[in-house]
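Okay, here's what each chain looks like letter by letter:
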Amino acid sequence: MSPNTILVYSEKPALLRELLGEARRQAIAVGWKVAALVLGKNVSALADLGADVLYQIDVDDRNPELVTAALTTAIAQAQPVVLLVGATKLGMEVTPRVSERLGAGYAAWVVGFQFDPVTQSTAAQCMLYTGTGIATYGFKPGLAILTIAPGVFEAGPAADKAADIVVLEVAGTASKMTILEYKPKPASGARLEEARLVVDVGQGVKQREDLQMIQTLADMLDGQLACSRPIASDRDWFPEWLGLSGAKIKPELCLTVGVSGAIQHIVGIRDSHLIAAVNTDEGAAIFSQADYGVVADLYEFIPALMERIKARSIHPVWMA
Amino acid sequence: MRILALIKYSLDVAEIKVDPSTKELRMSGVPEKIGNIDKNVVEAAVRLKEETGASLQGLTLGPLAARESFKDVLAMGLDEVYLIDDPFTGAADARIAVRILEAAIRKLGPFDLILCGFASDDGYTYQVAPRLAERLDLPLVSYARRISLGDGGLQADRDLEDSLQTVSVSLPALVSIAEEAFPPRRTTLMDALKAKKKPVNIWQAEADLGLSLAELVKLNAFTSSAQIGMIVHRKQHMLKAGTPVEMADQLIDILLQENVVIGAA
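These protein sequence lines are chains L and W, in that order. Number 201 in the working numbering belongs to position 201 of the first sequence; there are no gaps in the numbering. Number 1124 in the working numbering belongs to position 124 of the second sequence; there are no gaps in the numbering.
A hint or two may mislead.
[Unchecked claim] Reference listing, derived: stretches of chain L covered by chain W, where coverage requires no fewer than 3 residues with Cβ under 8 angstroms from a Cβ of chain W: (1) 42-54; (2) 154-162; (3) 171-181.
[Said to hold, decoys possible] 30 angstroms max Cα-Cα, derived DSSO-like pairs, lysine-lysine: (4) W:Lys1235 <-> L:Lys89; (5) L:Lys206 <-> L:Lys12; (6) L:Lys33 <-> L:Lys89; (7) L:Lys176 <-> W:Lys1235; (8) L:Lys206 <-> L:Lys183; (9) L:Lys250 <-> W:Lys1049; (10) W:Lys1033 <-> L:Lys89; (11) L:Lys206 <-> L:Lys41; (12) W:Lys1023 <-> L:Lys206; (13) W:Lys1017 <-> W:Lys1235; (14) W:Lys1017 <-> W:Lys1196; (15) L:Lys248 <-> W:Lys1049.
Note that these hints are calculated values from the structure, not bench results. Model, not experiment: these values are computed from the prediction. Beta carbons: idealized from backbone N, C-alpha and C, even for Gly.
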């Protein structure tokens, strides 16, 4: 009997590395194969990421219909028991499509999974209700499709053996949707995942100009500025946000400023060592998720805080 | 032109509490309402209705208790709402929910345009739009932020993590609305009075849609399911007295004690 296969796909190389890291750890323990799907022309750079096989399909990975077709093709070839896909907006669209086409089981926002070789079925732990809880699902035997957010699994070391590359073709690349224009958003220079101090801005900050003040505070404390989803998606002040569908941080200190504390935002900051929150509303949900809560108008408190930091020559410990 | 808005009556997840000793999720008494994402869907649909003179119906799979909550979305501009009394009381997985919605859409349709949220406020697993696109074999524009109609087709901006894609599809089509893309309008007393006269129609999955619950249950992906609440212990120490300068000094004192910063005590 040929070994079981875990198939992995993400259009984001960093996320692909994390998924391959976990796939590799689980596969080594039980003698399985790890296969990755790579779309486009340039796959050789990914050959040492820890997959045994790279399936290369030359389609446009910006089009979900084509990615769905490519995934279906790779599944037919690899016959995996588990498919791991990065939980990006693209990943979250193509996985239900594949599930629907193949009648395969699907679970979103997975944080852990196990395969039982006896029953040939998968169990997965998933974020429930935007992060309020964790659900454990037992799948029916057969393919289990799982989406995984950035920062859930750790990337593994480079493999000592390069993957075999297998070129596949999809049958038909017709698409119902035509991409007319593609505008990349400005890349965020911030490496939030590695920041030791993050100042996290919410809707209590009224105008974009006010960010200057908060940036100055962050600079005084060697911190990075980040935000909740509406600040990025609606107001467009930042290219990315913290939360279930965004980045997840684990700094020494996360100082939230005008953040109300919706659970899907908390998911992005709850691995912080310490959380301090500033909000005018004493009843704000953020205070139940914070170590220290300051009930104050941020427009009075932040200038006062900067003044006292300066007066008392306060520095983060790592800047001593 | 005919437009359909899919709207979900969602749990207010902020109100789901976790029992600190058993880690059980306390689900009883958690309020439900039309989701924020779904109100953005209604706003997008009403704007297109106003532009084109289209008819605009709403469709919900949910409990009969949802009936009362349609006042707001009818006041915003839906012509009428169809509520499918959820035979699985929210417990069915997305594949099954989509089969029920599909049956209702086939009965109510054909539509030129179907709008829904990119995700629901409570489940938040992004599944309904892509599954429905597969079932109905319709083009899907997901995560749409700007929508314009013309020449028998639709153009929209897809709002992705690192890019904006301007795309076009022909009609009929399915569009999922991006987060915070269409902030819902405020309604007037006059809107509310008009809404009272608009119908809310109730359908049963078996009697009205010809579905077999026994067959639907077979589509369930899982053989077991268990839930626990996430508990993160935080100190929850509050500073609420004093001038801003005094509170700033208190916070600095705390950060000194916590060894996050150094400086004058």
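Hint-by-hint comparison with the structure:
no. : hint                    : verdict
1   : 42-54                   : violated (count 0)
2   : 154-162                 : violated (count 0)
3   : 171-181                 : holds (count 6)
4   : W:Lys1235 <-> L:Lys89   : violated, 35 angstroms
5   : L:Lys206 <-> L:Lys12    : violated, 33 angstroms
6   : L:Lys33 <-> L:Lys89     : holds, 27 angstroms
7   : L:Lys176 <-> W:Lys1235  : violated, 53 angstroms
8   : L:Lys206 <-> L:Lys183   : holds, 28 angstroms
9   : L:Lys250 <-> W:Lys1049  : violated, 46 angstroms
10  : W:Lys1033 <-> L:Lys89   : holds, 25 angstroms
11  : L:Lys206 <-> L:Lys41    : violated, 45 angstroms
12  : W:Lys1023 <-> L:Lys206  : violated, 37 angstroms
13  : W:Lys1017 <-> W:Lys1235 : holds, 18 angstroms
14  : W:Lys1017 <-> W:Lys1196 : violated, 34 angstroms
15  : L:Lys248 <-> W:Lys1049  : violated, 39 angstroms
Hint violations for this structure: numbers 1, 2, 4, 5, 7, 9, 11, 12, 14, 15, all remaining hints satisfied.
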